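Colleague: Read top to bottom, the protein sequences are chains A and B.
Under the numbering used here, residue 161 is the last one in the first sequence; the count climbs by one each step, no gaps.
Under the numbering used here, residue 780 is the last one in the second sequence; the count climbs by one each step, no gaps.
Derived by calculation from the structure, the hints in this document are not laboratory data.
Mixed in with the good hints there might be a few duds.
[Unchecked claim] Just a sample of chain B residues kept apart from chain A, beta carbon distances all over 12 Å, derived: (1) Val3; (2) Pro104; (3) Pro140; (4) Thr283; (5) Glu304; (6) Pro410; (7) Phe440; (8) Lys446; (9) Gly477; (10) Gly508; (11) Gly588; (12) Gly649; (13) Gly686; (14) Asp716.
[What the hints assert, rightly or not] Stretches of chain A that chain B covers, calculated by requiring three or more beta carbons in the stretch to come under 8 Å of a beta carbon on chain B: (15) 48-59; (16) 63-70; (17) 74-86.
These numbers come from a predicted model, not from an experiment.
In this text, a Cβ means the ideal position worked out from N, Cα and C, and glycines have one as well.
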Amino acid sequence: MSTVKLTVNGKAVAVDVEDRTLLVHLLRDHLNLTGTHVGCDTSQCGACVVHIDGKAVKSCTMLAGQADGASVTTIEGIAKGDELHPMQAAFRDNHGLQCGYCTPGMIMSAIDIVHRHGGQLDEATVRHELEGNICRCTGYHNIVKAVLDAAGRMKVSQAAE
Amino acid sequence: MGVEGIGARVVRKEDKRFITGKGRYVDDIKLQGMTHAHFIRSPHAHAKVKKIDSSAALKMPGVVAVLTGQQIVDDKVGNLICGWAITSKDGSPMKMGAWPAMAPETVRFVGQAVAVVIADSKNLARDAAEAVVVDYEELPAVADVHAAIKAGAPQLHPEAPGNQVYDWVIGDEGATDAAFAKAANVVKLDVTNNRLAPNAMEPRAAIADYDAADEHFTLYTTSQNPHVARLVLSAFYNIAPEHKLRVIAPDVGGGFGSKIFIYPEEMVALWASKKVGRPVKWTGDRTEAFLTDAHGRDHVTHAEMAFDASNKITGLKVKTYANFGAYMSLFSSSVPTYLYATLLSGQYNIPTIHAEVIGVYTNTTPVDAYRGAGRPEASYLIERLMETAARQLKVDPAELRRTNFITQFPHQTPVIMAYDTGDFNASLDAAMKAIDYAGFAARKAKAKGDGKLRGIGVSCYIEACGIAPSKAVGSLGAGVGLWESAEVRVNPVGTIEILTGSHSHGQGHETTFCQLVADRLGVPISQVSIVHGDTDKVQFGMGTYGSRSAAVGLTAILKAMEKMESKAKKIAAHALEASEADIVIENGEFKVTGTDKAIAFPMVALAAYTAHNLPEGMEPGLKESAFYDPTNFTFPAGAYICELEVDPGTGKTSFVNFVAADDFGRLINPMIVEGQVHGGLAQGIGQALLEHAIYDANGQPVTASFMDYSMPRADDLPSFNLSHTTTLCPGNPLGIKGCGEAGAIGASAAVINAITDAIGKNNLEMPATPDRVWRTIHAA
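Can you make the complete structure from the sequences, with help from the hints?
Modeller: Written out as structure tokens, the structure reads:
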């Protein structure tokens, strides 16, 4: 057992976990942040993507101990109160989700994609960048539309800030 | 239609919880004192279980119990059932081998459970499972259908000699042979419909909670049909009588058919929770999903189509071997028979059809309904045959289809189905226009100049949905009726709860079902809630599969709404001192037609519950229910055209355009309908290009993770170009046909027809991987 100290969605936490505990299980089982999902166990599907110090990471690929001292943001931490993150709003407005299971990981990956490409995104780039996130429901059509839509919204909201 | 009524692109009500991480899936639920189950599964495709030694595991910390297949048999938990009886051509019933929830003596596929460890945590259960020693005696195994039916093949079940489940026929053999004897041309084709793993993104999970004081069980499970689960668990598996078993299917992360069935893990969790006196949770991992979720497809077929001199089809002969895996799953028997062979007429006038289907056991994961269930296999076969025929007869593939389209409705096919309506020329016209079919030759020539092989492929599908008229399916062997139920509860303040037996696991019922209410009453959808997925709340229901929720489930809601409205009109008429016949419902008000007299709907509701001033003899309250049994299947149909390029140097396929023109009858929410088509197309294209659940000759699965099984990813797919043509379904009052499976049914043939057109060779099996395409191009 070890004590892992980290910041999750802006809140400092200290959690006692078995050394073999993966970050995703720390989030789900110890902090009850069940929005982060497990879909494959082989780091292929991306349902578990969270942000660690601002970068998208598959939380099933990382031991909880490796996140010691890090700042973790999950799907539960991106809206400002009742105001959705532009990526969340774009997924809803473009019908970019159906069963919702891959959605948290998709949204977290997509935010990172927009950040890394500085809003210079086209369909081919979005499709290539989503390689690590699997969705079985949507055929990706509306997810791609949502990411492109959000890229525009995020540029606007950044400009406003 | 109003901003939230039928036909409006309303953004989904359920989305908020999913995009904020507040969805509530089974694995998100924790109960006080909960234990965790880990199954010990066979690594062998076929073996005797000689001994299970759990002594070391039981000494490990946190281990509550190790339970075995023999114990579940001793406790008289029933074997798994198959709910659709099929009769062979010799009149004998299908031959079923016994399937206990955990194997006491013999395992017949890799992944079959022999024991379960129950422990205080998931990790402790997994650790202890490593310490359980199972002594197996390996037996010879067989995975391929043709190998399984050969003399001397390893035998799976003593009940099924020769590994044959049934040999079933449909249609008129004599008339079909006579048509072939007179044919001007005969087109022959062998096709394999590749085995697929459904892979809903949420792995299956179950939490069972036994309350000893009330002798009552609660099961949280990843189910598309919680009431069917309760019925089967009660009536056949002896878990508990129905009033002592509550089944809850909360948010469910996709199903695609694989979550229709009641699996051993739920049975074991329920049984174990009573044995250990604590709640038991099991959450599958992805490899367990590959090993134990029912697979789809897996047909090997030879077909011949006869044509007269004017290229009209005169007959069709089909012989299909269907691989059922090691056991007969819940609805497996119906898939290659009544859901497949009954659709072999496609969109075409075919005077006579004869089909024979041989169901075969192999040492592989059981096979059952997967998105489309039988209809993709039928559609793929017919549309590959039409393309092959066009090439052989040297006519344009679209023209050959038009020559043979059914144009008069209703149309009785030679294989049971009576198509009620459709306009196949209209959907083909729409698709050809969308893709600029006429301009293809020029585009192909240009691509050739760039060193690319360009091809175009048409697929005109039809399916039978809205499953199904209970009397009809009963006469064909179904063990259940396939109606749907609904209840409309109006609260005293005028808000409305709709209880439905349909189950949403991505389909958006919480939005579309509210749209019907908004359309009829003029109230905002925020005033309406949809209640589903809990046997304690909804009286009964048959669940969601077979594109039935709108055509059957929503019609049941409509029937209940009509009853509620009728009573509400009486109350309004009484309050307004008018005649009931003069009351109309507009914008949330009950009005006396032609006057300015009106009463708002919430006031009608309040009057029903205060009961101070109701018409003489009327019961208080405003709540009505209905059961709706469809009169016929519905017949969604459409035309898909795929244009793509093949790189002859690598065999890699790249999409240029994919158009879909569907006729689903009336659309409730076009945005959601389009989403359903997108997802279906992805699964059909996945089957055509990427997906294949592979076993080696000894029954070892080769594709048991996302590292090995190629799931369609964003980069593998194009954006889709969708349109709709409409003929309203005459079989239900809303005119709905259903849209959930079409994409998966029609897409794969369009892709393979396009690739074979591009490379100029007709024989190409799915999945058309670059390796396979390259070899086909360069084959002698």
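Colleague: Would you list, in rising numerical order, the hints stated earlier that this structure does not obey?
Modeller: 4, 10, 13, 14, 15, 16
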